[in-house]
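Quick note, the sequences are listed as chains A and B, same order. Just so we're aligned: 643 in my numbering is position 8 of the first sequence, and the numbers increase by one with no gaps anywhere. Just so we're aligned: 31 in my numbering is position 25 of the second sequence, and the numbers increase by one with no gaps anywhere.
Some hints could be false.
Reference excerpt, derived from the structure (chain A facing chain B, CB under 10 Å, subset only) [claimed, not checked]:
| id | residue |
| --- | --- |
| 1 | ASP655 |
| 2 | THR671 |
| 3 | LEU764 |
| 4 | VAL793 |
What the hints contain is simulated information worked out from the structure, not anything from laboratory work. All values derive from a computational prediction rather than experimental measurement. Using N, Cα and C, we set each Cβ at its ideal position, and we do this for glycine too.
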Amino acid sequence: MNSSSITKITGTGIAVRGNDIDTDRIIPARFLTKITFEGLGAEAFADDRKQLADKGETHPFDQEAHKNSNILLVNKNFGCGSSREHAPQAIKRHGIDCIIGESYSEIFFGNNVSIGVPCLKVSESDIALLQNKCESEPTCDFSVDLETLEIKAGELSVKAEFPEGARQQFIGGTWDVTAELLQNDTDITATANDLPYFNHWQ
Amino acid sequence: MAKNLYNKVFEKHTVKKLSSGQYQLFMGLHMIHEVTSPQAFDMIKERGLNVRYPHRTFATVDHIIPTDNQVRPLRDTMAEEMFNALEKNTAANGIEFFNTSTGKQGIVHIIAPEQGLTQPGMTICCGDSHTSTHGAFGSLAFGIGTSQVRDVLATQTLAAAKLKVRRVEINGTLGAGVYAKDVALFIINRLGVKGGVGFAYEYAGEVFDNMSMDERMTVCNMAIEGGARIGYVNPDQTTYDYLSGKPYAPSADKMDEAIAYWESIKSDKDAEYDDVVVYNAADIEPFVTWGIAPDQSVAVNAELPKEEDFSVNDKPLIKEAYEYMAFTPGEKLIGKDVDVAFIGSCTNGRLSDFEEVIDLIKDSDLTVPSTVKALIVPGSQEVRQELIRKGYDKIFEDKGFEFREAGCSMCLAMNPDKLIGNQICASTSNRNFKGRQGSSTGRTLLMSPAMVAAAALTGKVVDARETFSIG
Ligand code: SF4
Chain A
636 MNSSSITKIT GTGIAVRGND IDTDRIIPAR FLTKITFEGL GAEAFADDRK
686 QLADKGETHP FDQEAHKNSN ILLVNKNFGC GSSREHAPQA IKRHGIDCII
736 GESYSEIFFG NNVSIGVPCL KVSESDIALL QNKCESEPTC DFSVDLETLE
786 IKAGELSVKA EFPEGARQQF IGGTWDVTAE LLQNDTDITA TANDLPYFNH
836 WQ
Chain B
7 MAKNLYNKVF EKHTVKKLSS GQYQLFMGLH MIHEVTSPQA FDMIKERGLN
57 VRYPHRTFAT VDHIIPTDNQ VRPLRDTMAE EMFNALEKNT AANGIEFFNT
107 STGKQGIVHI IAPEQGLTQP GMTICCGDSH TSTHGAFGSL AFGIGTSQVR
157 DVLATQTLAA AKLKVRRVEI NGTLGAGVYA KDVALFIINR LGVKGGVGFA
207 YEYAGEVFDN MSMDERMTVC NMAIEGGARI GYVNPDQTTY DYLSGKPYAP
257 SADKMDEAIA YWESIKSDKD AEYDDVVVYN AADIEPFVTW GIAPDQSVAV
307 NAELPKEEDF SVNDKPLIKE AYEYMAFTPG EKLIGKDVDV AFIGSCTNGR
357 LSDFEEVIDL IKDSDLTVPS TVKALIVPGS QEVRQELIRK GYDKIFEDKG
407 FEFREAGCSM CLAMNPDKLI GNQICASTSN RNFKGRQGSS TGRTLLMSPA
457 MVAAAALTGK VVDARETFSI G
């Protein structure tokens, strides 16, 4: 299957600041009328980017210095709103391999696990340090170690939180759970047969 | 040990504990629609897998369907392609599709209850976050991403972590002109958009006991806006009466057996909760959102909050909201011009929502002014048919509303119904995010159907209780 072990992510950071950034901002709904996820990377944060451009400012996703950045640094409740996987897909397809932030909506977090993008939690003061770092030094090397849950950026080193189950899934290469679910077929049948409503009460 | 409904239903559907520590959870009902399913069908095909239990998955088309003209092929070729893909995928896999030709099409969270598919004691999922709606029946219902849609198609199960449960109890009686939508907005206002992360909400107390199923659905629908992936109400006679006679509900001779199961999964009297909050119905007023997150709301007559009322952390978002909405702290929303009025969506697109509005507007002298575009969008073809049967379409049109076909419409505007520029829309939908209604500068004010009707007829934000002399 598609799952491979992910233990260490290296690259450079890119900060998208703000609390409660919702999935409609990550990928506006009008870009979703298609039957594949292809091309979504280019539309990530489309409206925010345009609005900043109109004001003469540049969104991090448009900054030359961050063109190849792959570690996204965000604040609180990132990815709230819709369950559409288009949002994590857009971010991943833009080239992001890992997200570091203060907190996430649950569905967004889970969707990212199933496409192989770990979302790590750090404290408010630590995210500020990391965001400042990548803004002032866009070429600074970041590394995220899922074994030790340590994030390094230049001379900075901060501790991250990541649920143990998800951590094991990334390290063991089982973040794509379909294979494991399929294995338990006998148990699936047993559970189904035990549900009184399973055959529409017939 | 005394248990709550969440834990009982979770255990009943647990297949196995997974190596990650999560649980493999069996899904009793899987609903699909055109936006989040095509990629999942492709994924199972790529992996050479089949749909495990086709009879437990049902499909509808709602997000991309136009509400003015549904003749095929749809004018938008991309929308037509999505519609086509769903037709092909459901036919190829033996999944029942409530297509527009069946008379049963509609918004996924409206049709499943309407057909009697949604029942107590089930696990229900759909690639759509407002799946929480179905919790109104005492089921565990939640939104999933496309990779999970793949898993459910292939195995009828998914990997899930156990949530904590917060009981949200509201006692007393709601005032006249205060609706289920106001209860939903009130809870989000009190607990915040992040307050429910990690929790399932059990809604309880006199207010919920006295609600109809439609009203319970409105509140459960917006659990997710408060961060809670699941919201539910324990089933009772109101639930059983609603289900009785519905196409997919248990037949009359099976009803006793069904009710015995449904009663068995209710929260025990002395069940334990991870958290309990208690509110008084008398404190709930008609609510309106003023910002770009569903907890940025005020009672209709109140002043907008000052920036200094917020913590240092929240200030930037508050500032951003004021900038985007072009409102000023301390002013009131009352009297603000409204360009568009939208009544519909999975929050408020059920029969009783429109009946409520008809009751209010039918004797009013007011009609929609020419400056306002007012849309009535039934949540399903059945709701629409019933409104027509009662002659309500005529009343709506006489009053200046457009009476549309069933679909998600302007709730998220993945179809031709969109705001233009920075129009202000009084809307019965559930999200006021930036750009949500199709224009990247469009502004959404969430409120109850009665409040939107009043805004439609006056062209302004008003207190519906005054416009319609309620109470
Ligand atoms: S009505 Fe709105 S919230 Fe409900 S399913 Fe449709 S788009 Fe989603």
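Each hint, compared with the structure:
1. With 10 Å as the threshold, the beta carbon of A:ASP655 comes within range of chain B, its nearest partner Cβ sitting at about 5 Å, so the hint holds.
2. A hinted interface residue such as A:THR671 counts as satisfied when its beta carbon comes closer than 10 Å to some beta carbon of chain B; here the least separation is about 6 Å, so the hint holds.
3. Among the interface hints, the one on A:LEU764 is violated; its C-beta lies about 16 Å from the nearest C-beta in chain B, farther than the 10 Å criterion.
4. The closest approach between the C-beta of A:VAL793 and any C-beta of chain B is roughly 19 Å, which is over the 10 Å cut-off, so the hint fails.
Violation of the numbered hints given earlier is confined to hints 3 and 4; the remaining hints are satisfied by the structure.
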